[in-house]
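Asks: Residue numbers (this note's numbering), protein chains in the order written: chain B, 1 to 136; chain C, 1001 to 1280.
In case anyone wonders, no lab produced these hints; they're calculated from the structure. Backbone N, C-alpha and C fix where the C-beta goes; we use that ideal spot for every residue, glycine too. Misleading hints may appear alongside valid ones.
[Unchecked claim] Over 10 Å on every C-beta distance to chain B, these chain C residues come out as not near it, computed from the model:
hint	residue
1	Arg1048
2	Glu1095
3	Leu1258
[Stated by the list, open to error] Computed cross-link-like contacts, EDC-like style, restricted to lysine to aspartate or glutamate with a CA-CA straight-line distance of at most 20 Å:
hint	chain 1	residue 1	chain 2	residue 2
4	C	Lys1080	C	Asp1064
5	B	Lys135	C	Glu1229
6	B	Lys51	C	Glu1047
7	C	Lys1209	B	Glu48
8	C	Lys1066	B	Asp96
9	B	Lys43	C	Asp1083
10	B	Lys133	C	Glu1229
11	B	Lys43	C	Asp1122
12	B	Lys26	B	Glu9
13	B	Lys43	C	Glu1120
14	C	Lys1209	C	Glu1233
15	C	Lys1137	C	Glu1047
16	B	Lys133	B	Glu9
17	B	Lys43	C	Asp1064
18	C	Lys1137	C	Glu1027
19	B	Lys98	C	Asp1083
20	B	Lys98	C	Asp1021
21	B	Lys135	C	Glu1233
22	B	Lys26	C	Asp1064
23	B	Lys51	B	Asp96
24	B	Lys133	B	Glu60
25	B	Lys133	C	Glu1233
26	C	Lys1080	C	Glu1095
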Amino acid sequence: MTGPRDIHEYLAQFEDIPGTRVFTAKRARQGYHLNQFAMSLMKPENRERWKADERAYLDEWPMSEEQKQAMLDRDYNRLLDLGGNIYFLAKVFSTDGKSFVQAVSTMSGMSLEDYMAMMIAGGRSPEGQRSIKDKR
Amino acid sequence: MARITAGVATSHIPALGVASDLGKTDEAYWAPAFAGYEWTRQWERAERPDVVILVYNDHATAFDMKIIPTFAIGCAEQFKPADEGWGPRAVPVVEGHPDLAWHIAQSLILDEFDMTIINEMDVDHGLTVPLTMMFGKTEQWPCKVIPLAVNVVTYPPPSGNRCWALGEAIARAVESFPEDLNVQIWGTGGMSHQLQGPRAGLINAAWDKDFLDGLSGETDRLRHIPHIEYLRETGSEGIEMVMWLVMRGALGIKTEELHRHYHVPASNTAVGHIVLRPVD
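So here's chain B without its partners, still in its complex pose:
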């Protein structure tokens, strides 16, 4: 066994990574219905109902009003804060006809063009992006 011995320390480290929401048990619990809603869009008949009336379809799920509003707004950073997981949220942006690059760029606060140019130039550097506390 070489894993961490202290679960509290293990989880606390995740809060020290800039611009990142690690999908912990806490988020998984908070986002359970949000993510299951997103999962339902795997079925074509559900996608049709969602597209016909987003609000009505959302109201079938026991999600918080904040979660519903963030979903209607396609505010992906907010959805991550409210327990959403990117692979589940992918069902929503796929239904919108958006690719991972298009959806992910919106979370970075960059235009799609600038984001793609950054990726072609080698991506975002890890310098200064590793730790909030240690500023490295």
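Assemble the complex: chain B is given as a structure, and chain C must be docked to it using the hints.
Replies: What follows is chain C alone, placed relative to chain B:
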């Protein structure tokens, strides 16, 4: 006797599957990503594996939030390409190898790895994109496939050390299967990438290269990398690289590198690929 003759690792970026399916692999953006797999396609035609044990993660496709198995092994006769929200990929149905899969499942459980057994499952890009990269467009995949799904989505995923040890146990299981089979093990996912939050787009080529270096020779240093290092250095989705360690663990004490490829970017991700041979 069945034997593991090689290990392969590759990214399983969905956009690579889309590029192949839409015939875009010669376009300027995609060509360099695909070029590094040409060597392996030729090599696979000569190697002719009977079975590939394919270590991958499901991306909210077969498993939703209801059930989250840490390690799951596919024991079915067949696995259909999944509809991930835009219709299933037009690639062949994946043929399983239930005899070997059940043998491995039983052996692993007796070896104290408490596997989840899957008898019905659709497989997503995590499994079908590696097949496309290694075998190209084809009417039928040239070998049987045993899917081995690892949870790397909901924390905590298994440690790198546990993944390595699972690989060692898979090697023991394969060696005790009486039929003469040429078996490969593939580890997929990675390399550095982050698909979420303001830090999205992170790539760490220096770290990725060091990880590729650490897969060959006699060293087992990679098995001790903690989760937090993957997260800080390689982006939140870089954690997928623990799945490469299942492959590496199955190859034994020493390996030699036959081929490697590294290219940035394919959509949000660093494409990494390596071919290893176990050395007695």
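Asks: For every hint, state whether the structure bears it out.
Replies: Hints, verified against the model:
no.: 1; hint: Arg1048; verdict: 34 Å, holds
no.: 2; hint: Glu1095; verdict: 24 Å, holds
no.: 3; hint: Leu1258; verdict: 27 Å, holds
no.: 4; hint: Lys1080/C / Asp1064/C; verdict: 17 Å, holds
no.: 5; hint: Lys135/B / Glu1229/C; verdict: 15 Å, holds
no.: 6; hint: Lys51/B / Glu1047/C; verdict: 48 Å, violated
no.: 7; hint: Lys1209/C / Glu48/B; verdict: 45 Å, violated
no.: 8; hint: Lys1066/C / Asp96/B; verdict: 25 Å, violated
no.: 9; hint: Lys43/B / Asp1083/C; verdict: 8 Å, holds
no.: 10; hint: Lys133/B / Glu1229/C; verdict: 15 Å, holds
no.: 11; hint: Lys43/B / Asp1122/C; verdict: 14 Å, holds
no.: 12; hint: Lys26/B / Glu9/B; verdict: 15 Å, holds
no.: 13; hint: Lys43/B / Glu1120/C; verdict: 18 Å, holds
no.: 14; hint: Lys1209/C / Glu1233/C; verdict: 12 Å, holds
no.: 15; hint: Lys1137/C / Glu1047/C; verdict: 18 Å, holds
no.: 16; hint: Lys133/B / Glu9/B; verdict: 15 Å, holds
no.: 17; hint: Lys43/B / Asp1064/C; verdict: 13 Å, holds
no.: 18; hint: Lys1137/C / Glu1027/C; verdict: 17 Å, holds
no.: 19; hint: Lys98/B / Asp1083/C; verdict: 16 Å, holds
no.: 20; hint: Lys98/B / Asp1021/C; verdict: 17 Å, holds
no.: 21; hint: Lys135/B / Glu1233/C; verdict: 14 Å, holds
no.: 22; hint: Lys26/B / Asp1064/C; verdict: 17 Å, holds
no.: 23; hint: Lys51/B / Asp96/B; verdict: 9 Å, holds
no.: 24; hint: Lys133/B / Glu60/B; verdict: 42 Å, violated
no.: 25; hint: Lys133/B / Glu1233/C; verdict: 15 Å, holds
no.: 26; hint: Lys1080/C / Glu1095/C; verdict: 9 Å, holds
Checked against the numbered hints above, the structure violates hints 6, 7, 8 and 24; every other hint is satisfied.
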